[in-house]
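My request is simple: use the sequences and hints to build the entire structure.
Protein chains: 2
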Amino acid sequence: MSITFVEGGHAASPVGWGAATAQCGIKYQGRDDLALLVSAGPCSAAAIFTTNKVKAAPVRYDMELMRRSPASLRALVINAGNANACTGPAGDAAVLAMAQAVATALALPVDTVFVMSTGTIGVPMPVAKVLGGIAAAATALAPSHGPAAARAIMTTDTRPKYCAARVDLPSGHTITIGGMTKGAGMIHPNMATLLATVTSDAAVSPVCLDAALRAAANLSFNSISIDGDTSTNDTLLVMANATVGNPPIDDLASPDGQAFLEGLTAVCQHLAKAVVRDGEGATRFVTITVRGAASDADAKLAAMTIAKSPLVKTALYGADPNWGRVLCALGYSGAAIDPDKVLLSFGGMRVLAGGMPLPFDEQVASDMLNVPEVSIDADLGMGDGIATVWTCDFSENYVKINAEYRT
Amino acid sequence: MSITFVEGGHAASPVGWGAATAQCGIKYQGRDDLALLVSAGPCSAAAIFTTNKVKAAPVRYDMELMRRSPASLRALVINAGNANACTGPAGDAAVLAMAQAVATALALPVDTVFVMSTGTIGVPMPVAKVLGGIAAAATALAPSHGPAAARAIMTTDTRPKYCAARVDLPSGHTITIGGMTKGAGMIHPNMATLLATVTSDAAVSPVCLDAALRAAANLSFNSISIDGDTSTNDTLLVMANATVGNPPIDDLASPDGQAFLEGLTAVCQHLAKAVVRDGEGATRFVTITVRGAASDADAKLAAMTIAKSPLVKTALYGADPNWGRVLCALGYSGAAIDPDKVLLSFGGMRVLAGGMPLPFDEQVASDMLNVPEVSIDADLGMGDGIATVWTCDFSENYVKINAEYRT
Numbered sequence: 001m002s003i004t005f006v007e008g009g010h011a012a013s014p015v016g017w018g019a020a021t022a023q024c025g026i027k028y029q030g031r032d033d034l035a036l037l038v039s040a041g042p043c044s045a046a047a048i049f050t051t052n053k054v055k056a057a058p059v060r061y062d063m064e065l066m067r068r069s070p071a072s073l074r075a076l077v078i079n080a081g082n083a084n085a086c087t088g089p090a091g092d093a094a095v096l097a098m099a100q101a102v103a104t105a106l107a108l109p110v111d112t113v114f115v116m117s118t119g120t121i122g123v124p125m126p127v128a129k130v131l132g133g134i135a136a137a138a139t140a141l142a143p144s145h146g147p148a149a150a151r152a153i154m155t156t157d158t159r160p161k162y163c164a165a166r167v168d169l170p171s172g173h174t175i176t177i178g179g180m181t182k183g184a185g186m187i188h189p190n191m192a193t194l195l196a197t198v199t200s201d202a203a204v205s206p207v208c209l210d211a212a213l214r215a216a217a218n219l220s221f222n223s224i225s226i227d228g229d230t231s232t233n234d235t236l237l238v239m240a241n242a243t244v245g246n247p248p249i250d251d252l253a254s255p256d257g258q259a260f261l262e263g264l265t266a267v268c269q270h271l272a273k274a275v276v277r278d279g280e281g282a283t284r285f286v287t288i289t290v291r292g293a294a295s296d297a298d299a300k301l302a303a304m305t306i307a308k309s310p311l312v313k314t315a316l317y318g319a320d321p322n323w324g325r326v327l328c329a330l331g332y333s334g335a336a337i338d339p340d341k342v343l344l345s346f347g348g349m350r351v352l353a354g355g356m357p358l359p360f361d362e363q364v365a366s367d368m369l370n371v372p373e374v375s376i377d378a379d380l381g382m383g384d385g386i387a388t389v390w391t392c393d394f395s396e397n398y399v400k401i402n403a404e405y406r407t
Numbered sequence: 001m002s003i004t005f006v007e008g009g010h011a012a013s014p015v016g017w018g019a020a021t022a023q024c025g026i027k028y029q030g031r032d033d034l035a036l037l038v039s040a041g042p043c044s045a046a047a048i049f050t051t052n053k054v055k056a057a058p059v060r061y062d063m064e065l066m067r068r069s070p071a072s073l074r075a076l077v078i079n080a081g082n083a084n085a086c087t088g089p090a091g092d093a094a095v096l097a098m099a100q101a102v103a104t105a106l107a108l109p110v111d112t113v114f115v116m117s118t119g120t121i122g123v124p125m126p127v128a129k130v131l132g133g134i135a136a137a138a139t140a141l142a143p144s145h146g147p148a149a150a151r152a153i154m155t156t157d158t159r160p161k162y163c164a165a166r167v168d169l170p171s172g173h174t175i176t177i178g179g180m181t182k183g184a185g186m187i188h189p190n191m192a193t194l195l196a197t198v199t200s201d202a203a204v205s206p207v208c209l210d211a212a213l214r215a216a217a218n219l220s221f222n223s224i225s226i227d228g229d230t231s232t233n234d235t236l237l238v239m240a241n242a243t244v245g246n247p248p249i250d251d252l253a254s255p256d257g258q259a260f261l262e263g264l265t266a267v268c269q270h271l272a273k274a275v276v277r278d279g280e281g282a283t284r285f286v287t288i289t290v291r292g293a294a295s296d297a298d299a300k301l302a303a304m305t306i307a308k309s310p311l312v313k314t315a316l317y318g319a320d321p322n323w324g325r326v327l328c329a330l331g332y333s334g335a336a337i338d339p340d341k342v343l344l345s346f347g348g349m350r351v352l353a354g355g356m357p358l359p360f361d362e363q364v365a366s367d368m369l370n371v372p373e374v375s376i377d378a379d380l381g382m383g384d385g386i387a388t389v390w391t392c393d394f395s396e397n398y399v400k401i402n403a404e405y406r407t
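Chains A and B supply the protein sequences, listed in that same order.
Residue numbers for the first sequence, in this note's numbering: 1 to 407.
Residue numbers for the second sequence, in this note's numbering: 1 to 407.
Note that these hints are calculated values from the structure, not bench results.
Treat the hints with care, since some could be wrong.
[As the list claims (entries may be wrong)] Residues of chain B clear of chain A, computed beta-carbon distances all greater than 10 Å:
(1) 18
(2) 52
(3) 87
(4) 88
(5) 135
(6) 171
(7) 310
(8) 320
(9) 386
[Unchecked claim] Per the computed footprint, the stretches of chain A lying under chain B, defined by three or more beta-carbons under 8 Å from a beta-carbon of chain B, are:
(10) 85-94
(11) 296-306
(12) 344-358
We put the beta carbon where it would ideally sit given N, CA and C, even for glycine.
In structure tokens:
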């Protein structure tokens with residue numbers, strides 16, 4: 001089983017996919033703010049939505065859509081600049097109008113169209129502008145517009161995030177899995193202000209696709225944290241259009257199923273890490289691995305607690321090998337720990353064992369942390385549980401960006 | 001039942017209390033870094049300790065002490081500059097040496113001495129310096145040194161925090177409740193890097209004192225949040241020496257019991273709010289009230305989730321009436337909510353109702369938030385649950401302080 005990332009690959013890289021963008025002027029001026037992704041044939045689809053009880057209109061629409069017809073998506077439309085959240089009945093009408101406009105322009109049934117929105121919440125959607133953009137985009141679909149689509153959905157992101165990987169299935173076919181994502185602030189497990197779309201040309205049953213997406217999300221988008229907040233619009237969608245002709249994957253435990261899952265996980269991890277790297281004000285990309293936990297769930301709980309601690313994150317910003325704050329976070333994480341059994345390393349350098357700090361050169365350790373990619377490793381000595389999560393540091397610039405974002 | 005705060009009152013204001021300080025040079029130079037609080041007679045006592053699984057040596061010592069002899073404390077010693085956490089067996093020996101030094105100097109049984117430490121963790125306690133300080137302080141006890149004691153226990157605090165209140169008991173006596181606290185960073189429910197001591201001259205049974213402390217803490221120290229982290233050393237202690245001669249309070253539901261509880265709560269709230277006002281880098285003191293929740297527990301969960309959200313706290317720093325972030329926090333708090341029923345106000349100005357923002361003047365709202373004391377009020381419309389919590393904003397300076405604290 002082999003996975004190869006495609007250089008410059010994107011959400012429209014898989015066979016039978018096209019992308020297009022348009023400039024609607026929803027909030028941003030002088031840039032595209034609408035993206036269309038369209039498949040040449042019907043897609044199996046699965047989605048994961050925000051767990052926030054406050055859900056944007058498109059999220060409520062898509063949840064209902066997935067309940068009705070999970071196996072027949074054809075198109076996805078995404079706008080940036082307006083989240084269409086807290087917009088009342090007019091917001092619901094706006095989603096439906098967007099879906100209908102896509103359906104009309106592409107001669108598709110309306111319930112094959114998925115809608116995502118991101119941006120400011122509580123502002124009425126400028127529907128006429130968006131519908132004009134949809135009509136324009138629908139005439140400009142091409143596979144080569146995949147990167148532009150990733151650019152059109154950006155909000156506070158500083159760069160577009162997309163990739164594609166080829167997976168050689170054991171049964172003989174080579175499939176492609178592509179994707180794009182946006183999201184910089186409010187990133188946290190369970191899909192916080194994060195839109196992500198994964199596309200494929202493989203044939204995968206809806207049930208199998210759903211199981212694969214949940215497993216892949218657990219190891220990617222649900223293993224990252226920027227600031228611990230979750231939002232109203234977060235959505236992760238996967239669509240597979242069966243264009244490449246592989247024998248349909250309907251058992252995730254089969255060799256083809258395992259290969260697909262591995263490819264999907266790799267693409268989701270690539271996108272999720274790109275989100276962390278572009279975290280608001282982030283200066284460091286941090287990989288946190290907890291092993292030796294009583295269970296995998298405990299390991300993840302411990303790792304995420306470290307990842308969310310403002311004191312750990314500010315220490316990382318200051319390149320301070322502050323093992324005490326990491327140990328504290330482990331202590332209040334709720335995971336089973338015995339402080340005397342914890343081993344702790346920064347960037348591979350052991351700093352704590354047996355409940356006490358080891359002698360280490362503070363300056364060497366600080367220099368080692370004063371780089372763009374750092375790691376924290378904890379071994380709890382309680383069992384075999386392991387988890388890896390990714391986060392970024394907390395900088396003065398994060399505060400600045402978020403104090404000034406809306407006003 | 002009447003409570004009057006005493007102007008300039010402090011932890012040694014109640015009858016039969018003395019305080020003293022010393023300059024040990026543990027970490028800070030040119031200032032006192034050790035405080036003694038001593039009662040003329042034996043005290044009922046109760047304490048609440050950090051829930052962090054990583055506990056400093058003094059916390060482990062005191063927990064054991066309170067299990068052994070909860071009704072016979074006489075003295076408290078506190079040092080600043082070294083937390084005596086993650087210090088191994090030498091740390092345990094240091095606590096015992098500190099307690100023994102106090103006991104010897106004051107001719108008291110060792111198990112009447114309570115020990116607290118705050119400061120850097122993982123650094124061996126300079127025992128000789130501390131014992132020298134204890135010996136010096138023991139010769140200088142006086143009620144008037146209460147404010148100096150509050151100053152001696154400061155770490156990143158910018159000002160000492162102390163108060164005292166007189167309570168007229170329905171049975172006729174007037175008792176005094178005093179207190180002092182320290183703690184600026186890492187403040188969160190369950191006593192995060194926070195040391196607080198409450199003293200009284202009332203007669204209260206240990207069981208009753210314990211119940212009163214838990215109730216008062218729930219409405220004060222466990223209703224504040226600075227950054228959501230909890231620490232290794234947090235301790236809240238109350239000692240009552242029965243010097244004033246009131247009929248012993250052994251029923252919290254009695255009129256005297258209720259009056260004592262109200263006074264204790266008022267003193268604890270005063271101290272807890274002082275901690276928030278001195279939050280690291282804080283520029284605003286924020287009162288968050290959630291009412292109409294399905295239960296008081298739900299109201300507190302919702303209020304604390306708002307209080308902990310970095311996005312809410314950075315918006316407050318920027319004087320941004322960002323109701324969306326507050327609504328989001330309610331949505332992921334876990335409390336039962338229906339977004340369409342939520343009413344939201346900033347500083348008394350209604351900004352959201354029926355799931356949608358109300359028209360308001362952004363500039364007026366922003367000006368209203370650009371003050372030292374602001375309030376957020378949410379009515380969930382689900383029931384009768386209510387809770388108030390206090391927090392501060394998240395400033396660029398918070399990041400700066402915490403990126404630079406240790407190194």
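Results for each hint:
At roughly 34 Å, the least C-beta separation between residue 18(B) and chain A is larger than 10 Å, which holds for a residue marked as non-interface. Distance to chain A contradicts residue 52(B) as a non-interface residue, since its nearest Cβ pair spans about 4 Å, not more than 10 Å. The claim that residue 87(B) is not at the interface with chain A is violated, since a C-beta of that chain comes within 10 Å of its own (minimum 7 Å). With a closest Cβ-Cβ approach of about 5 Å to chain A, residue 88(B) is found to fall inside the 10 Å limit, against its non-interface label.
Every CB of chain A is more than 10 Å from the CB of residue 135(B) (nearest about 28 Å), matching its label as outside the interface. For residue 171(B), the shortest C-beta to C-beta distance to chain A comes to about 42 Å, beyond the 10 Å cut-off, and the non-interface label holds. At roughly 5 Å, the least C-beta separation between residue 310(B) and chain A is not larger than 10 Å, which violates its mark as non-interface. In this structure residue 320(B) is not separated from chain A by more than 10 Å, as the shortest Cβ-Cβ distance comes to only about 5 Å.
The beta carbon of residue 386(B) sits about 20 Å from the closest Cβ of chain A, which is more than 10 Å, so the claim that it is off the interface holds. Figure legend: the stretch 85-94 of chain A, annotated as covered by chain B; annotation consistent (4 residues with Cβ-Cβ distances under 8 Å, at least 3 required). Given as covered by chain B, the stretch 296-306 of chain A fails the check, having 0 residues with a CB less than 8 Å from a CB of that chain where 3 are the minimum. Counting residues of the stretch 344-358 of chain A whose beta carbon lies closer than 8 Å to any beta carbon of chain B gives 5, which meets the minimum of three for the stated coverage.
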